[in-house]
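Enquirer: Place chains B and C on chain A using the hints.
Protein sequence lines, in the order shown, are assigned to chains A, B and C. Positions 1 to 302 (my numbering) are the ones given, in order, by the first sequence. Positions 1 to 270 (my numbering) are the ones given, in order, by the second sequence. Positions 1 to 356 (my numbering) are the ones given, in order, by the third sequence.
Read the hints as simulated data drawn from the structure, not as lab findings. Here the structure is a predicted model, which is why all the values come from computation and not from measurement. C-beta: ideal position from N, C-alpha, C; glycine also. Watch out, some of these pointers could steer you wrong.
To be verified - Derived EDC-like pairs (lysine to aspartate or glutamate); straight-line CA-CA distance at most 16 Å:
1. C:K291 to C:E343
2. B:K2 to C:E343
3. B:K2 to A:D106
What the hints assert, rightly or not - Now the stretches of chain A that chain C is said to cover, found in silico as 3 or more residues with beta-carbon under 8 Å:
4. 198-204
5. 210-223
As the list claims (entries may be wrong) - Example chain C residues on the side facing chain A (calculated, C-beta under 7 Å, incomplete):
6. L52
7. T56
8. P72
9. R73
10. F81
11. S83
12. L102
13. P106
14. F310
One-letter residues, chain by chain:
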Amino acid sequence: MKIMKIFNALRDGNGFESALVIAPVVYLVAFSAFPLVYNVVMSFQHVDMFSIATLNRPFVGLVNYIDVFSRPETPGVLWNTVIFVILSIVFQLSIGFALALFFQNDFPGASYLRGLFLAGWVMPALVVGAIWKWIFAGDFGVLNWVVRSLHIVNAPVFWISDPAVALYSIIIANIWLGIPFNMILLSVGLAGIPGDVYEAAALDGAGPFQRFRTITLPLMGSTLGAVIALGAIFTLQQFDLVAALTQGGPANASNVAQYWSWQLSFETYEISDGSVIATLMLTVVALVALIYVRSVQREQRL
Amino acid sequence: MKRYVFLLIAIVLAAIYLFPLYWMYVTALKSGSDIFRYPPAFWPAHPRLQLAQVFATYQVDRYVWNSFVVALGATFITVLLGTGAAYVLANVRHPIVTVALFAILMLQVLPPSLMVTPLFVAFNQLGLLEWPRFAVVLATAAKTLPFYIVLCRATFTQIPGELRDAALVDGNSRIGAFLHIVLPLARNGILVVSTLVFLQSFGEYVYSRSMIATKELQTATVGLSSFLGANSNDWVGLMTYASIYVTPILIVFVLLQRHIVSGLTAGALK
Amino acid sequence: MYQIEIDHLCKSYGAVKILKDISLNVEKGSFVTLIGPSGCGKSTLLRLVAGLEKITSGTVKIAGEVVNDRPPRERHVAMVFQSYALYPHMTVSKNLTYALRLRGRPKQEIDERAAATGQLLGLSDLLDRMPRDLSGGQRQRVAMGRAIVRDPQVFLFDEPLSNLDAALRVRMRSELRKLHQRLGATSLYVTHDQIEAMTMADTVVVLRDGVVEQVGAPLDLYHRPANRFVAGFIGSPAMNFVEGIVTEDGRGVVLSQARKQRLELPRPLQSGRKVWIGLRPEHMQLGGAGKKQKFDVQVDTVESTGSMTFIETKADPTSLIIAQSGTAQVAGGTTITVGINSEDIYLFDIKTELAV
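Just chain A, with the same shape it has in the complex (with noise of 0.2 Å):
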């Protein structure tokens, strides 16, 4: 008897809701939350590849973390990955930004042509590390040929194994991939601006730059939010550009925090310091997480 009632929970009452929700739920603990929490419990433990099998490893405290910070190379590795942040976001905005202002003009096409940039967006990001490497290839590589032409530069560039380039070369990548995600958010930001603003503003007086500053910026207050967060997110996610490119070097010339910490843990098993370095991104992460979740929310009433 109770077992027809829980099934005609299941399938009636309140219990539908709640079976269909739980499973996700405890994978989602199972496979994110728990290897989160994994994370800061392997920081301040010694684990490396002979303790990798049991649970029982030895609790150290913050050695792992002094150890971590007293490397010669952290504060370049971290000030690589804030310099990594700043540049991707400031020019994937911009760019994208521009472009959806193009965009928004109305002309046959426009819509499809638009939907193209979408395919750097969906190709690999290891494949698109592949493609820029061949690019950035110091003697034949095209863009070489073409700044040379161009006279901004008589020697050919070694963007991959100059450590003074390596990181930009990361950038630049990084930058072409994150441009069609930040051209569609904001062209749906500018969408929803209605048209008759802007008409009020020029009967009154606005010109084009004007408007812009005065209408369009403030009006995209939350959806800029939402883009930076989720620009600096997905910058602080990538991993494959790095491995394709440059893998870190040359001398962690061009490395970052997130693949430093994946190089920690799988090329030389010092896997409590790549501990270390996770749980450390993983709070920067989440703080900006919040940032996008605010702008998510913030509802922008007209």
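Expert: Chains B and C in isolation, oriented as in the chain A frame:
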């Protein structure tokens, strides 16, 4: 007239942006000596496709097949677990739902390269690495599930609640209303989002690289990256590999382009 | 001196002609309404004067100067939009002063103008509110205030009252009229509501399919419509139209074939000529007392609102609507006598539809 100037500029802009794709295909069609020409040739002197060679040298077919298996598995789990949740989160008003939505939104941000460490350790301890592709499927599904739920929820919110109520009054159970009435209506949106999930999983790298040791079971991305380091000079072969791998993705993209745009925008800003 | 001169104005979108050779002059300080069915081009005409659309051919002059190529901000016109188009992210006060701030006017002047306008429209308490916190009527007044504060040469109104509920609309109509009398500003007002047009305007312009059908004072259009369209458009309920043929003697017209009812014409016409006979519902009186001509009709339905009674007659071949003030004691299915004066019989040529 002004409109056609815009069109021209738009075509130029799109061409500039899509140049890397063009370059991938053009390189694949070049012969060995063409690669090392400077200035670079924008169209091969003698275009030829080295498919057979590339398949032999790089075993593209096996790697792409593995990618396909992983993508299929991850999509299957995601759709199975996510659709119902998206439906409930779209229709039920309850403080718990707001919290759940918030949590799911937050889960989208976790970088796989940071999650892979604990997942690997845990899987290792559980012996799951005996079935490496399955392990990758499980990890990938955890990544795509929040994304899927958020976008599908947007699809479900567009279906009027009255339809479900009418179904219930007409005699359906809640399961029946969901399966027979709501689901068919949401079918298109679900298909689009599932395709996006599939495409994402098809291009997965980190988990595959970290969890699959046996070469025969590795995915296309891992295969490609292993050839990137050592054989960096065989650009023709590499770009051909990339073309083979990426062309199905692009075909699907071109077919579904319009739907993908609307699906994306609905989810990200709501 | 004409404040607005519109000369042979044409507007096309590709092959589609919206406005076909419009010529119109608006005197300084007058209130002109543009009225017509949807799609007639009245909003397009307004937007061409504002500079929001490009002119295909013809000229628009404001205060004597040709403004064809001038952008909106150089035309010194203000517009009140149907949806108000308030700046959603600015307070009422900032909405009102936006144009002045753009021009860099001194702060004191801006504050004074804002306060004065706010008081004029009863917005003084709302100056710090955001548009989304205002009611429809309040938003409407802010939209008006925004236009007034700029002291423009011309006011343009694009159906500003159509989003308000009926009671509010009536109130705003008289307020707008009073405002106009007070400010004396040249106004061009687009509406599809003929009651607004008739009660508010000095001059009414009736448009149909991009062509001006008639221009004149409201009562002129009512009493002396130039063609059948204007006659049917002005007046509510609409004028009844019955086909008729002028009798042999040229002095009468046959009203109903079956009953052979004949009406005497106000002036003689060529016999055998086919005409539209126009009869306003309010001109036909039950019982016919005090009216020169009488004829019988069969009642089909009777509707009473308390203050007015509307009688619909059986089709014979066309049914007529008769409007009577007060409550009439009439039952459906009966035959009643109806009276009308000869000068209230309107005639329009069957083919050209022009007034005869």
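Enquirer: Would you mind marking each hint as holding or not holding in the structure?
Expert: Structure-based check of all given hints:
no.: 1; hint: C:K291 to C:E343; result: holds (11 Å)
no.: 2; hint: B:K2 to C:E343; result: violated (57 Å)
no.: 3; hint: B:K2 to A:D106; result: holds (10 Å)
no.: 4; hint: 198-204; result: holds (count 6)
no.: 5; hint: 210-223; result: holds (count 6)
no.: 6; hint: L52; result: holds (6 Å)
no.: 7; hint: T56; result: violated (18 Å)
no.: 8; hint: P72; result: holds (5 Å)
no.: 9; hint: R73; result: holds (4 Å)
no.: 10; hint: F81; result: holds (5 Å)
no.: 11; hint: S83; result: holds (6 Å)
no.: 12; hint: L102; result: holds (5 Å)
no.: 13; hint: P106; result: violated (16 Å)
no.: 14; hint: F310; result: violated (39 Å)
Checked against the numbered hints above, the structure breaks hints 2, 7, 13 and 14 and satisfies the rest.
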